[in-house]
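Chemist: Take the given structure of chain A and dock chain B to it, following the hints.
2 protein chains.
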Amino acid sequence: MRKIKYSILSLLGLVMVFTSCNDSGKKSRGALASNNAEKVYVAPGEQDEFYAFMSGGYSGNLTVYGLPSGRMFKEIPVFSQFATNGYGYSEETKPMLNTSFGFVPWDDSHHPDISQTNGELDGRWIFINGNNTPRIARIDLKTFETAEIIEVPNSAGNHSSSFITENTEYVVAGTRFSVPVPQRDMPINEYKGNFKGALSFISVDPEDGEMDIKFQILMPGFNYDLSHPGRGKSHGWFFFTTYNTEEANSLLEVNASQNDKDFIAAINWKKIEEYVNNGGGTKIPANYAHNIYSDEDHTAVSTMKKEVLTVDPTKVPGAVYFLPTPKSPHGCDVDPTGSYIIGNGKLSADLTVHSFDKMLAAIEGKKFDGEAYGIPILKFEDVLAGTVKSGGLGPLHTEFDGEGNAYTTFFISSEVVMWKLGTWEVVDRKPTYYSVGHLMIPGGNSRKPFGKYVVAMNKITKDRYLPTGPELEHSAQLYDISGDKMELIYDFPTHGEPHYAAGIPAELIAPKSQKIYKLAENKHPRATLGVNDARVERDGNEVHVYMAMIRSHFTPDNIEGIKVGDKVYFHITNHEQDFDVPHGFAMIGANNSELLIMPGQTKTLVWEPKQVGVWPFYCTDFCSALHQEMQGYVRVSPTNSNVDLTWSLGE
Amino acid sequence: MRKIKYSILSLLGLVMVFTSCNDSGKKSRGALASNNAEKVYVAPGEQDEFYAFMSGGYSGNLTVYGLPSGRMFKEIPVFSQFATNGYGYSEETKPMLNTSFGFVPWDDSHHPDISQTNGELDGRWIFINGNNTPRIARIDLKTFETAEIIEVPNSAGNHSSSFITENTEYVVAGTRFSVPVPQRDMPINEYKGNFKGALSFISVDPEDGEMDIKFQILMPGFNYDLSHPGRGKSHGWFFFTTYNTEEANSLLEVNASQNDKDFIAAINWKKIEEYVNNGGGTKIPANYAHNIYSDEDHTAVSTMKKEVLTVDPTKVPGAVYFLPTPKSPHGCDVDPTGSYIIGNGKLSADLTVHSFDKMLAAIEGKKFDGEAYGIPILKFEDVLAGTVKSGGLGPLHTEFDGEGNAYTTFFISSEVVMWKLGTWEVVDRKPTYYSVGHLMIPGGNSRKPFGKYVVAMNKITKDRYLPTGPELEHSAQLYDISGDKMELIYDFPTHGEPHYAAGIPAELIAPKSQKIYKLAENKHPRATLGVNDARVERDGNEVHVYMAMIRSHFTPDNIEGIKVGDKVYFHITNHEQDFDVPHGFAMIGANNSELLIMPGQTKTLVWEPKQVGVWPFYCTDFCSALHQEMQGYVRVSPTNSNVDLTWSLGE
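Protein sequences, first through last, are from chains A and B.
Going by this note's numbering, the first residue of the first sequence is number 12, and it counts up by one from there.
Going by this note's numbering, the first residue of the second sequence is number 12, and it counts up by one from there.
By construction, these hints were calculated from the structure, which means they are not laboratory data.
Here the structure is a predicted model, which is why all the values come from computation and not from measurement.
A couple of the hints might just be wrong.
Under 7 Å between C-beta atoms, here's a sample of chain B residues computed to sit facing chain A [claimed, not checked]:
{"id": "1", "residue": "Asn46"}
{"id": "2", "residue": "Glu49"}
{"id": "3", "residue": "Tyr69"}
{"id": "4", "residue": "Trp435"}
{"id": "5", "residue": "Ile471"}
{"id": "6", "residue": "Leu477"}
Positions of the beta carbon are idealized from the N, C-alpha and C atoms, including for glycine.
So that you can see chain A by itself, here it is in the shape it has in the complex:
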């Protein structure tokens, strides 16, 4: 690999000096503001035009917004415990957070991507990666609940994930931090040449969406930062940015910025799929969790998987190439036609655009510039389609409007730059407040973007909203891109730290949104489907309460015969069958969250009473005019008590 010493000190300086600069919005409201007000206003009784699914970053979850209003409609718990509805606290959902490291109550969720058919959004599922303890989740867009989480072995810092191929054949998961594969006790400073970066291709069942790791490509020990699929003509390929091709293990902010160019890795996954379908690859022992939640029994099951199929990329000729790309490329974006691969060199002013056609020609013509660990490096000049002389600094991510324009965020210079595909000319630029990371156009990662709005997700908030002490939410900005130029029309705060987002027209999802769970189809093994089935059963020191709830009553509502030292399982079934009539359940002193139970659903809370007495429980969701009366009592007797197990059934 060629190395060119490159001083990053000036750039580092610039990182520190972002400016809380001039803010043209601070004039008083004129005709323009009024126009913008109307553009983002969704009047009472009307609805938003687009869903925006924003990753929660360090919240570990996925949040659902409406555009253009910027209102947050739901936080979907994915990788993090969520006390609000009991996710990760109820017996049914705890298995969702199981991993090879045990129960992990948090993650750093990064890049959501909506399922596609023929390269267009189909709105069936949305995928998102857990960055820290490597996992990929699938969320069902009928129920807006996390349906599945699969752990990714041999991986660390699962960042270049979870993007999908154009028929949702695969969702990919790529290592950011290379590690020993398999893991072993070795000196950290022997990293170079010894660590590996696994790129995992996880198949998605076309019927039910179930995920399975089809193969892992064991790449050189670089950092794999982001990725995007080929589409159209480049369908069958996947592109990953790399940085730290220096393979430094310490002081990366200096040592990983030495090479003038890192790479975009071009993976011909169809070729590797064919290779493994023909028996290629090596199965190695592994240990990773596969957690599936079923709407039928309202319960998650975690299974540990014990091996994974690995592929040495040098064993599959023609499958993997490196495209030299300047300045530690971060984002790796593919235009709607699949012709161009844009590398956003984060320490650069310019964008590097590679041509898929030229790449194929260079491969065909063997125009190589050496190799890295046996993987051919294509000649930079032979794959380059063009360079966007942006005038900005610190490009990170690019999206597309489907009208031939691309939009790139610049973190250091705090702006979104709009430019033309093919001519590479800059046609507009607008400031962001402040230090933008990702951006999103609905459908922007597909063949068919809906180029009406772009959302900029900013990393610095400062004075954009009323202050809330030292800790602030991040800030998003909404631009109208329906005209020739971008127009900033709204600021709205976002929860956690959105890293990418996926937008989709509401009409593709809203009509299919599920309203209730049918009680008649509830297959929970401990459901109480009729009030007459309500009962309390003792099994040693385990007590199972089979409880029903309906406005405004628990059956049973008085229970006696519980003892200190018991482990009490409340299995509670919500008998409502109307939309938007959840009930909650809380027990005083439980070392647990509440349960929020949707119509037709069964959930279980464990309570270990520690003190003798008469203790109340109640409904936590104001459900009717008599909600305050929806309560009950449990009598807890001493461990050695002879109080009979009894309960009230409304007599």
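Modeler: Relative to the frame of chain A, chain B by itself:
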């Protein structure tokens, strides 16, 4: 007590038949919509006029919104674990969730109230109650962080809380579910006459806000639903609604609705304060947690308190009276002058307004209508100021605009009704979508409301936003009340279930909002204040990592000599001193959340490595152009390894 049989069946029917009725907003946008758009639009670069602090209900937290935009600026974790920033997961914050029941990771947060001086909002602190495992929290409005939580013993369903007196002398906490005091093993159906309802008066230190339970009044075993302080002429009194004066223990939705009238309890707390200051009351053994977080050492300490002073109200003549109030009153609201106490009989069509002056006269004239458990019942007719013939059904809560108008929510008929204090005439009514619970006018619970907006907090959402499966966020609606009539101008979703909210002009809080923690003032015992202090120390199988972080580096960033079976404490200090430059810390496979660490702050994460290997950690908050390089590795060796403890300091 008089009992009048009262059929609630018709009302119960009505509860079920709320209508997803006509929605006048569904017409296309005209001039009026444009006008409303401008009213709620806060242009980029501008800021909202009011803070709205909304209780999170079953989220257990407190959310901060701006008005009129309806944007959520922060979720402040209070009673619930919050994986987003590590609250309840970090070593420093775990003690905040300690209780006499052990660690309780969730609660049901209900009624926020902002501190007052002379009956006006002073914006120093905001208090909120945990309903389930009875607690009161104090949040510091300089840092927007939870500063203190005190558990409330002898209490259950801590609902008629956490309202404050007009100089923040006390915050009150009232039992909703009466229980045996002290707790004991007894049959539930012996409730009547044996259970008690504790009303706790918690003193607030005028300098630092620290709370202490001054006394608990052991009232009859009714359900104490809501409360509000007297003010102005009625300062020194506190008013609590009761229901279930029937003292039913089962099927409350029927059995607690038998009495035609329940009571508002009028408590002369100044008289009781004098009584206990003179040695009155009885100290009884108790066990409750008092948790205080210090900004100096960034650490919470939990102390168990062992006794509490109780007061038998019958022993303090002239201190407690019952005001008969029809139909299971829910809300209990006092107008800005302190002259009127409004009881919202939730199974009624009318509002009952009591006169403070007439109450004093009735007490003076001994116009009693019997007693309940030794507490005098005042004659209804002698304390009644008037009745508001609302025409609505199911009144819950009332707020005031300071212009002589009151606004009452009606759950069953889904509307807000505006009426005149003194004449009791209805002057306007507007529908809510749907089934409104609480409402809020900034300063509405003070002498000086800011009557520009009213926010209705609705319990049912249904079709107000794009659907998100069976589980929906609740919905708030914003009305402009600056004119003669109410005008619905916006819908916005709210997180969890807001039960009440507290609004305040931004100018009373924003200028004092803290931006950073000063590193020089950091008193955390394990802080790493200089990079040269960074180190790793072993103490048996405990390992303490003293780590510093600054853009874009951890010191140390490579650590060796950790073994399987160790318990590793990462004590991490953020060396930034600029506003809005937090860093995060995540360790792969940790059975814990991340840490989100503000400038100048120290936080600690515990990690118990389970597997041999080389494992990465990284910064979870995109902090600079070289954020992706802000990472490190820990080498984990077998338990019996001899690998030396070493770490890198940037050499």
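Chemist: Would you list, in rising numerical order, the hints stated earlier that this structure does not obey?
Modeler: 1 and 4
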